[in-house]
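Chains A and B, in that order, are what the protein sequence lines are. Under my numbering, think of the first position of the first sequence as 51, with each following residue one higher. Under my numbering, think of the first position of the second sequence as 364, with each following residue one higher.
Treat the hints as calculated values from the structure; they're not laboratory data. Ideal placement from N, C-alpha and C gives every residue a C-beta, glycine not left out. Errors might be hidden in some of the hints.
As the list claims (entries may be wrong) - Here are some chain A residues the structure puts well away from chain B; computed CB gaps all over 10 angstroms:
(1) Leu79
(2) Gly81
(3) Cys85
(4) Arg90
(5) Ala135
(6) Leu151
(7) Arg155
(8) Arg170
(9) Asp234
(10) Val237
(11) Val239
(12) Gln268
(13) Glu302
(14) Asp325
(15) Ser358
What the hints assert, rightly or not - Taking lysine to aspartate or glutamate pairs in the EDC-like style, the calculated list, with each CA pair at most 20 angstroms apart, reads:
(16) A:Lys231 - B:Asp614
(17) B:Lys432 - A:Asp282
(18) A:Lys231 - A:Asp282
(19) A:Lys231 - B:Asp625
(20) B:Lys608 - B:Glu682
(21) B:Lys432 - B:Glu498
(22) B:Lys432 - B:Glu495
(23) A:Lys153 - B:Glu495
(24) B:Lys591 - B:Asp556
(25) A:Lys153 - B:Glu498
(26) A:Lys153 - B:Asp435
(27) A:Lys153 - A:Asp282
(28) A:Lys231 - B:Glu479
(29) B:Lys608 - B:Glu662
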Amino acid sequence: MTDRVALALLGGPESGKTTYLAALGDRLLTGELPCLEIERLGDTTDLSRLTEPLFEGRYPQRTKGERFHLQLRLATRGNRFPASAFDLHIGDYDGEEVERLFKVRTRGWTQEWQDRAESRALLLFIRPNALTDWPRMTSAMDQHLRAPTNRMLHEHPAPLTPEDLFGARGFPPEAPPPRPKTTDEGVRVPTCVAVIELLQFIRHVRRLRPGVRPVRGQFRIALIASAWDEIDISFAERGPAHYFSETAALLEDYLWSNFYEEDVFRFGLSATGGDLHDPVYRERYVSRTGGAGDIVWSGANGRLRRSSDLSVPLCWAAFGDRALE
Amino acid sequence: MTGAAVAPGLRCQNVDCVVAATGRCARAAEFEDPLAECPDLDRSVEAARSVQTPASALATGAAAPWSGKPLDQGECEALLARTPARLLAVLGLHGAGKTCLLTSFFLQLADGQRGEFPYRFASSLTLHGFGELAERASQWRGQGEIVGHTPLEDERPGRFLHLGFRPAARSDERHIDVLCNDTHGEIINAFIDRVDERARRLLGFLSRADGFLVIIDAEALFSADGTKQDARNSLLVQRAIDEAKQTGRADIPLALVFTKFDRLPVDQVVPVDRRLDPRSWGSLGARAPRIFAALRRSESAGVRADVFAASAFPRPMQEGQPIGVMAPFHFFLLHADRRRAWSPWESPISDTTSAFAAMRRWRIE
C-alpha cells in the first residue's frame with residue numbers, strides 16, 4: 051500500500067448518503083465490487099446497523115438520540131488501479147449539521163468537520179426531490195427538452211466518438227448551460243446554498259482563496275444525485291450533468307469557478323434500484339440473487355453510461371477519469 | 364430576567380436558542396420563570412438521563428469561519444483593503460425596490476438565468492443573507508412587502524452584500540469581488556436634502572464607489588405626487604453624479620433603473636442608443652423630465668450613464684420570471700471591470716540566431 055486517501059460523504063438531510071453506504075457495505079461484504087474491498091474490519095456495529103435493514107427490504111434508519119461517525123477502511127483489489135487504501139468518512143447527522151451550520155453560525159464547526167475538509171475528495175449527495183420545488187414543466191416544454199436528447203441518442207448516433215478515441219471523457223466536457231426559462235416559468239428558490247457555504251468553509255480550511263483552483267487531482271468533487279430511479283423522465287434521458295445544470299445552477303457555477311473541470315463529476319445513483327416503500331419492488335429486491343442498484347453518468351459525447359458497480363463514484367474520487375473507462 | 368442557564372437534568376430541545384458563548388438560554392427573557400414555563404425544555408426523566416443526544420452533539424464545535432450575514436462597514440473596508448473589490452453604490456428612495464432588485468439579481472444567478480451576463484458565481488461572504496432574502500421573497504404571494512424593508516440601524520451606514528464572480532471566458536482567471544450596499548431609504552432621503560457630517564459618515568463609501576445604481580420607483584412617477592417624485596429623484600441623480608465626479612475616475616458607470624416597470628401603462632422597447640432620450644420612453648419620459656435633465660449632466664461630468672427598466676418581482680416568483688434585472692448589473696461590471704487593452708507582446712526574431720536566417724544567408728551566399 052502506498053497511499054492512504056481520505057474520502058468523505060457529505061450532503062443535506064435525507065440526501066441518500068446512508069442508503070448508499072448501506073448498499074455499498076453490503077456489496078463489500080459479499081465481495082461483489084470488482085475494484086474495492088474492506089481492508090480491515092474494525093467495529094462492525096454501525097455497518098451492520100446500516101446494512102441489515104436492506105436484507106429485509108427496508109431503508110436503514112438512524113437511531114434516535116445517537117450520533118455516530120463511521121469510518122470504513124477500504125483498499126483496492128485487482129490490478130485495474132494502483133494498490134491504495136481509503137478511509138471513507140461519514141457522520142450519521144452530517145445532513146442536519148450542514149443545515150444547522152448554515153443557519154446557526156456560532157457553533158457546529160467541529161474539529162471533525164475541519165479534519166474532513168482535508169479529504170482528497172468529497173462525495174456530495176443531493177436528493178432530487180429536495181430540489182424540485184415547483185415542477186412546472188408543461189408537456190410542450192417536455193417535448194422541447196426531450197427533442198435534442200432523442201436526436202442525439204437515436205437519430206444521429208456517432209459511429210466513432212471522442213470517447214472511443216480518447217477514453218471515457220477524452221477531453222473534459224463542460225456541464226451544459228442551464229436552459230433559458232420562459233417568462234411564465236417560476237423562479238426556483240436556491241436549495242444548495244448550505245452545501246455551497248460548506249464547500250466555502252472547507253476551501254477556507256484548505257487555505258484556498260475564492261476562485262483559486264486546487265492542484266489537479268488533489269481535491270475532487272463527485273456530485274451525486276441520489277434516488278435516480280425517481281428522477282423526472284426528461285432528466286433520466288439526458289443524464290445527471292443536465293440535471294445539476296438546471297436544478298443546481300448556483301452550485302454548478304460555484305464548482306466551475308473554483309475547481310478544474312476534470313476534478314468535478316456528476317453521477318446519478320440508485321442505491322437500491324427502486325423504491326423500497328413500494329411493496330412490489332421490495333419483494334423483488336429482497337428475493338434478488340445479485341446486487342441491485344446502479345450508477346449513471348454522461349460520457350464525453352453526452353451518451354449515458356450505466357454501471358451496477360456502486361463503487362464507481364469512490365473510484366473516480368480516488369483515481370479520476372480512469373475509473374470511468 | 365436575563366440569561367438563565369439551563370438547569371442540569373433538564374434538556375433544551377431547541378438547540379438554536381442557547382447562546383453558545385455563555386451556555387445561557389436565549390429565550391429566558393420571554394418568561395417569568397423560564398425553567399417552569401419554556402416549552403423547549405424537556406422535563407421528562409428520560410430526558411434528564413439522556414446524556415448524548417443529537418441536539419447536544421450538534422451544539423458543540425467552534426463558530427463557523429464567517430457569519431454569512433451582510434457585512435458591516437468594518438468588514439467591508441477590510442475586504443476593500445485586501446482585494447481590488449468593486450463597490451456598487453445602490454441608491455434609491457424609501458420603497459424604490461433596492462433590496463428587491465439585489466434579491467432578484469441573486470435569484471437569477473441561482474436559477475441559471477444569467478443570460479448574457481458574462482460572469483459566473485464564484486463565492487459569497489453573505490450567502491446566509493442572500494438565502495434569507497430569497498426565502499422571504501419566495502413567501503410573497505402578490506400582496507404586501509416582498510422582502511421587507513432594510514432595517515434602519517442607529518447611525519450605521521447599513522450593510523453590504525457580497526458576491527464573487529469569475530469571468531465566463533475560460534482565459535480569464537480572475538476572481539472579482541463585488542460589494543453592494545443595502546442602505547435604508549431614510550438615509551438616502553436625508554442625503555438628498557443635504558450632504559452634512561452625518562451623510563458623510565453614513566454614506567462615506569460613496570467616495571470609493573466603482574459605480575452607481577440609482578433605483579427609481581417608476582410606478583410612483585405616475586401617482587398623484589409624481590412630480591415631487593420626479594424632483595426628488597432628479598436631486599438623487601445629481602447627487603450621484605457629484606459623488607461620481609469626486610471619485611476622480613473617468614467613465615464611472617451610473618445605471619438608472621426604473622423599477623416596477625410592469626405596473627406602468629407603457630410597454631415599449633427602447634433602443635439601446637436612445638435610452639437617455641426621454642422621448643424614447645413615451646409617457647414615462649414625460650413624467651420624468653427632471654430626472655432625464657439631471658442625467659444629461661452625466662456626460663460633462665465624465666460619468667457613463669444608461670437607463671434601464673426592470674421589474675424584480677412582477678408576480679410571485681413561483682409564477683414567472685423577473686424583467687430586465689440582469690442588464691443594470693451587466694452594465695456596471697462592463698465598466699467597473701474594464702481593463703486597458705494592451706497590444707500583443709511580440710518578440711522580434713533575431714536574425715543572427717535564427718536557423719531560418721542562417722539558412723537564408725547560406726542560400727544567398
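Hints, one by one, checked against the model:
1. For Leu79 (chain A), the condition that its CB be more than 10 angstroms from all CB atoms of chain B holds, with the nearest at approximately 28 angstroms.
2. No beta-carbon of chain B comes within 10 angstroms of the beta-carbon of Gly81 (chain A); the shortest separation is about 34 angstroms.
3. Annotated as non-interface, Cys85 (chain A) keeps its C-beta farther than 10 angstroms from every C-beta of chain B; the closest such distance is 33 angstroms.
4. Look at Arg90 (chain A): its CB is around 27 angstroms from the nearest CB on chain B, clear of 10 angstroms, so calling it non-interface holds up.
5. Interface exclusion of Ala135 (chain A) from chain B stands, the closest Cβ pair being 28 angstroms apart, more than 10 angstroms.
6. Non-interface status of Leu151 (chain A) relative to chain B is broken: a Cβ of that chain comes within 10 angstroms, the nearest being about 6 angstroms off.
7. Here Arg155 (chain A) does not stay apart from chain B, with its beta-carbon only about 4 angstroms from theirs, under the 10 angstroms limit.
8. No beta-carbon of chain B comes within 10 angstroms of the beta-carbon of Arg170 (chain A); the shortest separation is about 21 angstroms.
9. The beta carbon of Asp234 (chain A) sits about 5 angstroms from the closest Cβ of chain B, which is not more than 10 angstroms, so the claim that it is off the interface is violated.
10. At roughly 4 angstroms, the least C-beta separation between Val237 (chain A) and chain B is not larger than 10 angstroms, which violates its mark as non-interface.
11. Against the 10 angstroms criterion, Val239 (chain A) falls within the reach of chain B, whose nearest CB is about 5 angstroms from its own CB.
12. Chain B leaves Gln268 (chain A) outside its interface by the beta-carbon criterion, the shortest separation being 18 angstroms against a cut-off of 10 angstroms.
13. Its beta-carbon lying about 8 angstroms from the closest one in chain B, Glu302 (chain A) breaks the requirement of being farther than 10 angstroms from that chain.
14. In this structure Asp325 (chain A) is separated from chain B by more than 10 angstroms, as the shortest Cβ-Cβ distance comes to about 27 angstroms.
15. With a least CB separation of 32 angstroms from chain B, Ser358 (chain A) remains clear of the 10 angstroms interface cut-off, as annotated.
16. Pair hint Lys231 (chain A) plus Asp614 (chain B) does not hold up; C-alpha atoms about 34 angstroms apart against a cutoff of 20 angstroms.
17. Between Lys432 (chain B) and Asp282 (chain A) the alpha-carbon distance is near 35 angstroms, which puts this suggested pair outside the 20 angstroms criterion.
18. Using a Cα cut-off of 20 angstroms, the hinted pair Lys231 (chain A) and Asp282 (chain A) holds, with the two alpha carbons roughly 18 angstroms apart.
19. The hinted pair formed by Lys231 (chain A) and Asp625 (chain B) meets the criterion: a straight-line CA distance of about 18 angstroms does not exceed 20 angstroms.
20. Distance check on the hinted pair: Lys608 (chain B) and Glu682 (chain B) sit about 42 angstroms apart at the alpha-carbon level, beyond 20 angstroms; violated.
21. The hinted pair formed by Lys432 (chain B) and Glu498 (chain B) meets the criterion: a straight-line CA distance of about 14 angstroms does not exceed 20 angstroms.
22. At roughly 9 angstroms between alpha-carbon atoms, Lys432 (chain B) and Glu495 (chain B) fall within 20 angstroms of each other, so this suggested pair holds.
23. The hinted pair formed by Lys153 (chain A) and Glu495 (chain B) meets the criterion: a straight-line CA distance of about 10 angstroms does not exceed 20 angstroms.
24. Straight-line distance between C-alpha atoms of Lys591 (chain B) and Asp556 (chain B) comes to about 14 angstroms, which keeps the hinted pair within the 20 angstroms bound.
25. For the hint pairing Lys153 (chain A) with Glu498 (chain B), the CA-to-CA distance comes to about 13 angstroms; that is within 20 angstroms, so the pair holds.
26. Under the criterion of a C-alpha separation no larger than 20 angstroms, the hint pairing Lys153 (chain A) with Asp435 (chain B) is consistent with the structure, at around 19 angstroms.
27. Of the supplied pair hints, the one linking Lys153 (chain A) and Asp282 (chain A) is violated, its CA atoms being roughly 30 angstroms apart against a limit of 20 angstroms.
28. As the CA atoms of Lys231 (chain A) and Glu479 (chain B) are separated by approximately 14 angstroms, the hinted pair is consistent with the 20 angstroms bound.
29. Between Lys608 (chain B) and Glu662 (chain B) the CA atoms are separated by roughly 11 angstroms; this keeps the pair inside 20 angstroms, and the hint holds.
In summary, the structure is inconsistent with hints 6, 7, 9, 10, 11, 13, 16, 17, 20, 27 from the numbered list given earlier, while agreeing with the others.
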